[in-house]
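Chemist: The lines below spell out each chain.
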Amino acid sequence: MTLTRSEVEDVLFQEAEFLDSWQLMEWAEMYTEDSFYEVTSPACSDPYTADARNTLFLISDRIDRIRGRAKRLLKKTAHAEYPHSKTRHMVSNVRVVEADGDTTKVRANFAVFRTKEDNSTIYMGEAFITLLETPDGVKIQHKRCVLDINSLYNQGRLTIIL
Amino acid sequence: MALDGWQPTKLIDADAEAGSFRVHRDAYRSDEVFEREKALIFNKCWLYLGHQTELKKKGDFFARRVGGRDIIFNLDKNGKVGAHYNTCTHRASKICREHSGNARTFTCPYHGWVFNSEGQLSSQNAKTGYKEGINDDGHLNLKAVERLEEYRGFWFVNFNPKAISLYDYLDDGRDAIDALMDQTEAQQVILSGEHTYSINANYKLLCENSYDGYHLFPVHASYFDYLRDQMAGTPAADLIDATIADYSSNGAVRGLGNGHAILDSYVPTGRPVAQWLPSMGASVKPEIEAKYARLVERFGEERANYIATTQKNLVIFPNLVINDILSVTVRVIEPEAKDRIRVTAWAMGPTDESEELRAMRLDNFVSFLGPAGFGSPDDIEMLEICQTAAAHTPVEWSEISKGFGPAEDHCKVTGAPDDEVQMQAYWTMWDRVMSGEVTLEVE
Ligand code: FES
Ligand SMILES: [Fe+2]
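If you read the protein sequences in the order shown, they are chains A and B.
Here my numbering is used: the first residue of the first sequence is 2, the next is one more, and so on.
Here my numbering is used: the first residue of the second sequence is 23, the next is one more, and so on.
Possibly wrong hints are sitting among the right ones.
To be verified - Calculated from the model, a selection of chain A residues having no Cβ within reach of chain B, i.e. all distances over 10 angstroms:
| id | residue |
| --- | --- |
| 1 | Glu-10 |
| 2 | Gln-15 |
| 3 | Ser-121 |
| 4 | Leu-153 |
Said to hold, decoys possible - Per label pair, the in silico range of CB-to-CB distance:
| id | chain 1 | residue 1 | chain 2 | residue 2 | range |
| --- | --- | --- | --- | --- | --- |
| 5 | A | Thr-3 | B | Tyr-132 | 50 to 58 angstroms |
| 6 | A | Pro-84 | B | Ala-208 | 44 to 52 angstroms |
| 7 | B | Glu-465 | A | Tyr-154 | 35 to 43 angstroms |
| 8 | A | Ala-100 | B | Ser-270 | 53 to 61 angstroms |
| 9 | A | Ala-112 | B | Gly-151 | 49 to 57 angstroms |
| 10 | A | Asn-55 | B | Glu-430 | 45 to 53 angstroms |
| 11 | A | Val-98 | B | Ser-376 | 50 to 58 angstroms |
| 12 | A | Ala-112 | B | His-237 | 31 to 39 angstroms |
| 13 | A | Glu-8 | B | Ser-270 | 55 to 63 angstroms |
Unchecked claim - Calculated cross-link-like contacts (lysine to aspartate or glutamate; reagent style DMTMM-like; alpha-carbon spacing at most 20 angstroms):
| id | chain 1 | residue 1 | chain 2 | residue 2 |
| --- | --- | --- | --- | --- |
| 14 | A | Lys-87 | B | Glu-406 |
| 15 | B | Lys-99 | B | Glu-171 |
| 16 | A | Lys-106 | A | Glu-134 |
| 17 | B | Lys-80 | B | Asp-53 |
| 18 | A | Lys-72 | B | Asp-385 |
| 19 | B | Lys-102 | B | Asp-82 |
| 20 | A | Lys-106 | A | Asp-52 |
| 21 | A | Lys-72 | A | Glu-27 |
| 22 | A | Lys-76 | B | Asp-251 |
| 23 | A | Lys-72 | B | Asp-247 |
| 24 | A | Lys-87 | A | Glu-27 |
| 25 | A | Lys-77 | B | Glu-406 |
| 26 | A | Lys-77 | B | Asp-247 |
| 27 | A | Lys-77 | B | Asp-251 |
| 28 | A | Lys-72 | B | Asp-251 |
| 29 | A | Lys-76 | B | Asp-247 |
| 30 | B | Lys-102 | B | Glu-171 |
| 31 | B | Lys-32 | B | Asp-385 |
| 32 | B | Lys-78 | A | Asp-47 |
For the record, the hints were derived by calculation from the structure and aren't laboratory data.
Note that the structure is a prediction, hence the values are computed from the model and not measured.
A virtual CB, placed ideally from N, CA and C, is assigned to each residue, including glycine.
Chain A with its partners taken away, still in its complex shape:
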């Protein structure tokens, strides 16, 4: 069954809420066992079709590293995010682009604001998301974020989850 835009938004807004409130283990639970969370490198010539198996990405996590990322970020020894930065995930322009059985493909624009110490930066771009309807509710099977930047020169690093 095709998810409606507002059903899709419910999922994406829930994800944003988990991230902004640092409920990262709950965030990781939104991902399926066979899922991918990816952020392409800004230098990538074709970020839409690029494959992390032969091109260097910023992030290319399967479920074990999705969970590992969440777990690590909650530790005091994850120095880059200690003290935790404040984030605000804005998700907009949500479009359902394709549906096939339990699977719904979605595009959405995002802007994530991050404040660490006295500095605020923005990560902006477009997310390509595949949602899967499961007996446990709608889960994220694939999320690829393509940033609208040419480098991380202004942001410095990407230690939060987009």
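Given the coordinates of chain A, assemble chain B with the ligands onto it according to the supplied hints.
Modeler: Positioned in the frame of chain A, the structure of chain B with the ligands alone reads:
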């Protein structure tokens, strides 16, 4: 401290008998020192520009900033590598405004002068006004960088026409580069996708960090926790703690001459060339073991072991880092101010590895390295808090004494993996160049 009254030896305070090696924090936090470094270090040392394998076809180019200077790095129509300043000889405009691409000619956007891929002026876009033969002496061609040389595909520039050769400059650093390039009989190539980011810290703090064995377990505790989780239930599960226990007695830090140095260590991450660990999965075992066997055939067991199993963190003075660890990264540090750097990093791998091993190499890279990995961002945080603390406290000296003692040449000493003799080698060279004791020029 004014430049005129500069006392060059004041910033390093070394007493070998007392085992004390101190660096004055002005070396990281003073604008005057940074200005002096631009003139003395970055105008005299060989600086990394790019790798041969990035230039795949004739006409391929990259616009890069090296030592504060904008340079076009390209392969001309005759297949020759070039490095020209990215400025029009007419009235200064930037010639190339793209990050990379392929071009037969470069046309200046301002008045339309055209330069060919060798940098020669081919059109002034004007019917009248110029005397015939105005460029007979070639002064209107793009200005080539003073020196351009390569070692095993690593192209470097030097802005001093009298500089010693790159070959001599690299000194024993050549052996470390050989150990990387000899991993394959095919070609080591720069892989697509680069990481560019910035750090609010002095460039030398990142050099120090890049081969610092001492920081590994405190800073990267959360990465080792992650590795332990990954290996739980495999025969490799105990490897992490065994490694931590043995770390300082296995391997070495070694000064390689001219300020270059390397950390050779053993950390159980597995290496695509060529050390298989159970955490890598059984399917890649035959390929990795075959690579190892071939290295033994080519170089004998001792050298093969060094190439295949040692984790190597190399710093080529003053700002190139080559980490040959769980993946290979080539990382260049472009200083922009005393407290700001632009970092560009690439992954490298051999053309003769399977798709699966290539995927594992890149997966290893992003698991630890880069601005979104589980390791590098924590390093970056350390550098930034060192920089800000040095800038906002009156404490004058940093203590870089671990392993320091009498030696014939502190640029060529050896110590334990968690010693600081590699940094002492770096700073000794830095001091020699800054004081003029070493000119790096041919006599
Ligand atoms: S500045 Fe380039 S043509 Fe005038
Ligand atoms: Fe580190």
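Chemist: Would you mind marking each hint as holding or not holding in the structure?
Modeler: Now for the hints, and whether the structure bears them out:
Every CB of chain B lies more than 10 angstroms from the CB of A:Glu-10, the least distance being 26 angstroms, so the non-interface label holds. Residue placement check: A:Gln-15 keeps its beta carbon more than 10 angstroms from all beta carbons of chain B (closest about 23 angstroms). Residue placement check: A:Ser-121 keeps its beta carbon more than 10 angstroms from all beta carbons of chain B (closest about 15 angstroms). Not every C-beta of chain B lies more than 10 angstroms from that of A:Leu-153, the closest at about 4 angstroms, which undercuts listing it as non-interface.
Checking the proposed 50 to 58 angstroms range against A:Thr-3 and B:Tyr-132 shows it holds: the Cβ atoms sit about 54 angstroms from each other. For the hinted restraint 44 to 52 angstroms between A:Pro-84 and B:Ala-208, the CB-CB distance of approximately 47 angstroms keeps it satisfied. For the pair B:Glu-465 and A:Tyr-154, the beta carbons lie near 41 angstroms from each other, so the given range of 35 to 43 angstroms is met. Judged by the Cβ atoms, the range 53 to 61 angstroms given for A:Ala-100 and B:Ser-270 holds: they are separated by roughly 58 angstroms.
Restraint check, A:Ala-112 to B:Gly-151: a C-beta distance of roughly 52 angstroms satisfies the suggested window 49 to 57 angstroms. Between A:Asn-55 and B:Glu-430, the C-beta spacing of about 48 angstroms keeps the proposed range 45 to 53 angstroms intact. Range check, A:Val-98 to B:Ser-376: Cβ separation about 34 angstroms, and the 50 to 58 angstroms hint is violated. One distance hint, 31 to 39 angstroms for the beta-carbon pair A:Ala-112 and B:His-237, holds here, with the actual separation near 35 angstroms.
For the pair A:Glu-8 and B:Ser-270, the beta carbons lie near 56 angstroms from each other, so the given range of 55 to 63 angstroms is met. Under the criterion of a C-alpha separation no larger than 20 angstroms, the hint pairing A:Lys-87 with B:Glu-406 is consistent with the structure, at around 19 angstroms. Simply put, B:Lys-99 and B:Glu-171 have alpha-carbon atoms about 19 angstroms apart, close enough for the 20 angstroms limit, and the pair holds. Between A:Lys-106 and A:Glu-134 the alpha-carbon distance is near 12 angstroms, which keeps this suggested pair within the 20 angstroms criterion.
The straight-line distance between the Cα atoms of B:Lys-80 and B:Asp-53 is roughly 42 angstroms, outside the 20 angstroms bound, and the hint therefore fails. Pair hint A:Lys-72 plus B:Asp-385 holds up; C-alpha atoms about 19 angstroms apart against a cutoff of 20 angstroms. Our distance criterion of 20 angstroms between C-alpha atoms is met by B:Lys-102 and B:Asp-82, whose separation comes to about 11 angstroms. At most 20 angstroms may separate the alpha-carbon atoms for a hinted pair to count; A:Lys-106 and A:Asp-52 meet this at roughly 18 angstroms.
Restraint check for A:Lys-72 and A:Glu-27: the C-alpha separation of about 11 angstroms stays at or below 20 angstroms, so the hint holds. For the suggested pair A:Lys-76 and B:Asp-251, the alpha carbons sit about 14 angstroms apart, so the restraint of at most 20 angstroms is met. With a C-alpha separation of about 10 angstroms, the suggested pairing of A:Lys-72 with B:Asp-247 holds against the 20 angstroms cut-off. Using a Cα cut-off of 20 angstroms, the hinted pair A:Lys-87 and A:Glu-27 holds, with the two alpha carbons roughly 18 angstroms apart.
A hinted pair counts as satisfied when its Cα atoms are at most 20 angstroms apart, and A:Lys-77 with B:Glu-406 qualifies at roughly 17 angstroms. The hinted pair formed by A:Lys-77 and B:Asp-247 meets the criterion: a straight-line CA distance of about 12 angstroms does not exceed 20 angstroms. For the hint pairing A:Lys-77 with B:Asp-251, the CA-to-CA distance comes to about 17 angstroms; that is within 20 angstroms, so the pair holds. This hinted pair checks out: A:Lys-72 and B:Asp-251 have alpha carbons roughly 11 angstroms apart, not beyond 20 angstroms.
Proximity of A:Lys-76 to B:Asp-247 is assessed by CA-CA distance (about 10 angstroms); at most 20 angstroms being required, the pair is judged to hold. Proximity of B:Lys-102 to B:Glu-171 is assessed by CA-CA distance (about 12 angstroms); at most 20 angstroms being required, the pair is judged to hold. For the proposed pair B:Lys-32 and B:Asp-385, the alpha carbon gap of about 45 angstroms is over 20 angstroms, so the pair is violated. For the hint pairing B:Lys-78 with A:Asp-47, the CA-to-CA distance comes to about 18 angstroms; that is within 20 angstroms, so the pair holds.
The structure is inconsistent with the numbered hints 4, 11, 17 and 31, although it conforms to all the rest.
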